[in-house]
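Could you build the full structure based on these sequences and the hints that come with them?
Chains as they are written, first to last, in my numbering: chain A, 1 to 269; chain B, 1 to 326.
Simulated from the structure, these hints should not be mistaken for laboratory data.
Check each hint, because a few of them may be wrong.
Claimed, not checked - List time: in silico BS3-like cross-link candidates among lysine-lysine, alpha-carbon distance up to 30 Å:
#, chain 1, residue 1, chain 2, residue 2
1, A, Lys34, A, Lys85
2, A, Lys160, A, Lys122
3, B, Lys255, B, Lys242
4, A, Lys171, A, Lys122
5, A, Lys85, B, Lys103
6, B, Lys242, B, Lys141
7, B, Lys255, B, Lys141
8, A, Lys122, B, Lys103
9, A, Lys77, A, Lys122
10, A, Lys85, B, Lys107
11, A, Lys122, B, Lys107
12, A, Lys171, A, Lys148
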Amino acid sequence: MTQATITPDGRQAGPVLMDLRNITLRFGGVTAIKDISFDIREGEIRAIIGPNGAGKSSMLNVISGFYVPQEGEIWFKGYRRGPMKPYEVARLGIARTFQNIALFDGMSVLDNIMTGRLNLMKARIWSQALWWGGAEREEIENREQVEKIIDFLEIQNIRKTPVGRLPYGLKKRVELARALAAEPRILLLDEPMAGMNVEEKEDMCRFILDVNDEFGTTIALIEHDMGVVMDLSDRVVVMDYGRKIGDGTPDEVRSNPEVISAYLGVEHA
Amino acid sequence: MEFLYASEILLNGLMAGVMYALVALGFVLIYKASGVFNYAQGVMALFAAMTLVGIMEGRVPFAHLINAAFGVHVSSFGWTVPGLLAILLTALVMVGLAIVIEKLVLKHLVGQEPIILFMATIGLAWFLEGLGDVMWGADVKMLDVGLPQGISETVETATNNWLGYGFFIDRLDIWATVIAAALVAALVGFSQYTKQGRAMRAVADDHQAALSVGISLRFIWIMVWSIAGFVALVAGIMWGTKSGVQFSLSLIALKALPVLMLGGFTSIPGAIVGGLIIGMGEKLFEYFIGPMVGGATENWFAYVLALIFLVFRPQGLFGERIIERV
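Structural data, given as C-alpha cells:
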C-alpha cells in the first residue's frame, strides 16, 4: 500500500483506493481498451481524458461494472474484485452519473435523490409497512441527509418537481445529487459538463471541488474540455485509441509530446 | 321506484367493476415495473384458483400423469386444508412461479423489445394453461374458501325500511369490494412509502439508472411478478367463488383490456376508475339502451367504449401523456 502523500498543490492524496491492472476490453473484433493500468487514490480527483472514441466511457463502465473486461484485474480497497453486476458494484460504494443522464423522469427530484440511499436503508419490509420498528426513524434520518445534499447543490426550489420537466443543466445536478446521496467511496462522473453553457460549467466545477473538499469524496471523472480538467483534477490519465498515452499531474500531462500530438492530431492527421 | 331500481343496477355495476379492476390491477403492476403487457395475467388467475382448490381438497398434483406412468390410482391425499392456510400456500406457489418465470424467461430477454416480451407472455399463458390442467385436472371445480355468498338480507331489509325498496346485493360482491379496496390501499402504500416500492418505480422508469444506484433488476422482477401472482390469486378466488373454477376464468383477462384502455396502462387509480366505469356503464347501458337494440349489450359495450377512448384519448384517463419531442 502506498503511503499518503502531499500533492504539488498541497492537497492530501491518500493510499490507493482502486487499482486497475492491465485492463483489456473487446467488443467482438474491436478492442475498446488495450492493456490499461492506473490507480485512483483516496481523496483525489482523477480525470480520464482523451479524444472522441478513445475508450474513456468504456473505462468508466468497466469501473462501474456495466462492462466486464476480458482481461485484467480490478482491485478495490485492497481486495481483488471478481466479475460483478452493476448493482453489486453500486452496493460496494461506487456511485456514478451518465453521459446522457439516466434519471427517473417520472419521479420528483426528492424521490430521485432518495433512490440513491436505497442501499443504506435497512428496515425490513414489514416494519416499513406498519411504519414501526425504526422504519420511521430511518426514513427521517435518510431524509435529513438528502436535505443536506439538496442544500449543498442549491436545488431546494425544485425538490418537488418531476425530473422530466427540468432543464438539462439542473438534471445533471440532480444526477450528481443522487450519486452523492449514496455516500460513495468513489464517485464516477461521465462528462459532467457535457452540453453545458459557461455559467453552468462554472457551477458544476465549483460543486465538484466542494464535494471533494467537504465530503472528502474520491472522484473519477471523464471530461472533454481540457481547460476544465486541468483546473479541476489532481492527476490525469490520457487515453487515445484505447491505449494509455499519459498519466500524471496536469502539468506533466500538458507537456507530454504524445498527448499534444493526440490532441492536435499531428500524427493521425 | 324507477330511480331506485336504476340505483340498484348502478350499485351492482360498481361492484362488478371492482372485479374487473382487480384483474386489470395485475396487468398495471407488471406493465409499470417492466413495460411488459402480461398476456398471461388471466391464466395466472385461473392457475392460482386451480391450485387453491387442489390444495384445499388435498388433490395429488399430476395425478393423471402419475397414474398413467406407474399404473396406480391415486387422486387424493385424503386430507383437506382450511381455506386461509390454503390461500397462504397458494401464494407461496405463486412466488415460486414468479422465480421460475424470471429464471427461465425474463432473464434471457433483458433489453429486448417489448413486443418480444409480450410474445413470451403469450407463450407463458399457453404453458400455464396446460400446466394447470395437467396438475389439477380439467374438470370444473367449485371453490369455497368461506366467503359469504347469496343476497344480503341486511341490506335488503335496511333499504326496505329506509327507502321502501329492498336492494338486492350479493354478499360476495360486498366482500369483493372491501377486499379489493384493501388490496389497492396496500399496493399504493407499498409503492409510495417503502424502499422496495421506490426501487420498483425506479426500475419502471430507467433500467440503467436503477442499476447504478444498486437496485437488482432480478429481485424487483421477481417481486413484481409475485405481487401480480398474488393479485391474480385474489381475482381467482373472487371469480372462482362466483362462477366456479374453469377455463372461462382465464377469459376475464379480456374484460380487463377495455378497463386498461380507459384507465391507462400505467396507473393504479386508473385501473380502479376504469373498472368502475366499465362495470357501471355496461349495466346502465343494458338497462336503458339495451331494450332498444335487442339486449345483450354487455358483451360489446366495454369494447366499444374502449375503442372510442382509443380514438380520442389513447393514453387513457390517467395514463402518462404521450409526448413526442422533436
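So, going through the hints one by one against the coordinates:
1. With a C-alpha separation of about 22 Å, the suggested pair lysine 34 of chain A and lysine 85 of chain A falls inside the 30 Å cut-off, and the hint holds.
2. Restraint check: the Cα-Cα separation between lysine 160 of chain A and lysine 122 of chain A comes to about 25 Å, which is no more than 30 Å; the hinted pair holds.
3. A hinted pair counts as satisfied when its Cα atoms are at most 30 Å apart, and lysine 255 of chain B with lysine 242 of chain B qualifies at roughly 16 Å.
4. About 28 Å separates the Cα atoms of lysine 171 of chain A and lysine 122 of chain A, which keeps this hinted pair within 30 Å; it holds.
5. Proposed proximity of lysine 85 of chain A and lysine 103 of chain B is supported: the alpha carbons are some 16 Å apart, at most 30 Å.
6. A hinted pair counts as satisfied when its Cα atoms are at most 30 Å apart, and lysine 242 of chain B with lysine 141 of chain B qualifies at roughly 12 Å.
7. About 22 Å separates the Cα atoms of lysine 255 of chain B and lysine 141 of chain B, which keeps this hinted pair within 30 Å; it holds.
8. Taken as a hint, the lysine 122 of chain A and lysine 103 of chain B pair is honoured in the structure, with Cα atoms around 26 Å apart against an allowance of 30 Å.
9. Only pairs whose Cα atoms come within 30 Å are accepted, and lysine 77 of chain A paired with lysine 122 of chain A is accepted, the gap being roughly 23 Å.
10. A hinted pair counts as satisfied when its Cα atoms are at most 30 Å apart, and lysine 85 of chain A with lysine 107 of chain B qualifies at roughly 13 Å.
11. The suggested pairing of lysine 122 of chain A with lysine 107 of chain B holds, with an alpha-carbon distance near 27 Å, which does not exceed 30 Å.
12. Our distance criterion of 30 Å between C-alpha atoms is met by lysine 171 of chain A and lysine 148 of chain A, whose separation comes to about 18 Å.
The structure meets every hint from the earlier list without exception.
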